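Q: Each chain is listed here by its residues.
2 protein chains.
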Amino acid sequence: MTSEIPAEALEFIDGPNFATVATIQPDGSPQLSVVWVTREGQDVVFSTTRGRRKELNLEADNRCTLLISDPANPYSYVEIRGTTTMTEEGGRELIDALAKKYLDKDRYPWDDGTDNVRVVVRVTPTRVVFLQPR
Amino acid sequence: MTSEIPAEALEFIDGPNFATVATIQPDGSPQLSVVWVTREGQDVVFSTTRGRRKELNLEADNRCTLLISDPANPYSYVEIRGTTTMTEEGGRELIDALAKKYLDKDRYPWDDGTDNVRVVVRVTPTRVVFLQPR
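Residue numbers (our numbering), protein chains in the order written: chain A, 1 to 134; chain B, 1001 to 1134.
Don't read these hints as lab results, they were simulated from the structure. Since this is a predicted model, take the numbers as computed values, not measurements. Some clues are possibly wrong.
Stated by the list, open to error - Sample of chain B residues at the chain A side, in silico, Cβ under 7 Å:
| id | residue |
| --- | --- |
| 1 | Gly1015 |
| 2 | Ser1029 |
| 3 | Pro1030 |
| 4 | Leu1032 |
| 5 | Val1034 |
| 6 | Trp1036 |
| 7 | Thr1038 |
| 8 | Arg1063 |
| 9 | Thr1065 |
| 10 | Leu1067 |
| 11 | Pro1074 |
| 12 | Tyr1077 |
| 13 | Glu1079 |
| 14 | Arg1081 |
Where a beta carbon is used, it is the ideal one built from N, C-alpha and C, also for glycine.
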């Protein structure tokens, strides 16, 4: 039990691998979605838009849990529980950087309209569980 | 917004695909792990052992959320929120059936000892979100 992400698990985040992110619904139940991720040191960073369900949930309760698997072995994964901060600053730059990482495109191609306000979500780990294969 | 799992998403469950499951920690934060799944009709069924974190969490709060992706397209996934029931009955048969499905082995090979009490967790969907690619 630690709040440090081990080096092997940082590699899962550094590759173009998808994370499942859990936020807390108003009724206390977990909400899950899939996100692109990057990191700054030990903080895991992902993008959302203002008003989306997980953004609303994080406004109300900033706790968040991420799970990301080893692309080479689905029996190995890291669970990262943490607290989040959100900012619109750098929101467009982040989603474009993620589009580069995951799609090899210079700009994110899938915005529904021009009025999406992009939000940077930064998760600071408070507890990390790393499951390695037997 | 529905509580019905659509036919395409049932196929994700029927294939040997991994699900991420979220339960609720005593402090209200989400706990995530990866599980093998099968189903009976619209109910999603997975295995755990007595005393494991997610089993303890589900004893205290029986709400659970699962996410499973399309193996052919990671941008398509189904999020299933539901309520769970647990029983020891059929626990051994279930884990062996899952070992057959995922490992093509007749018996589950990874029990740490003979004293693991296997529990069947059955999730009845209350809300289903199906994300399909653009």
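Q: Hint by hint, say whether it matches the structure.
A: Hint-by-hint comparison with the structure:
1. Gly1015: With Cβ-Cβ at 13 Å, over 7 Å, it is violated.
2. Ser1029: 5 Å, holds
3. Pro1030: 4 Å, holds
4. Leu1032: Holds: closest Cβ of chain A sits about 4 Å from Leu1032(B), inside 7 Å.
5. Val1034: 6 Å, holds
6. Trp1036: 10 Å, violated
7. Thr1038: Since the shortest Cβ distance to chain A is 17 Å, the answer is violated.
8. Arg1063: Since the shortest Cβ distance to chain A is 5 Å, the answer is holds.
9. Thr1065: 4 Å, holds
10. Leu1067: Holds, because the Cβ-Cβ distance from Leu1067(B) to chain A comes to roughly 4 Å (cut-off 7 Å).
11. Pro1074: 5 Å, holds
12. Tyr1077: 6 Å, holds
13. Glu1079: 5 Å, holds
14. Arg1081: 6 Å, holds
Hints 1, 6, 7, counting from the list given before, are not met by this structure.
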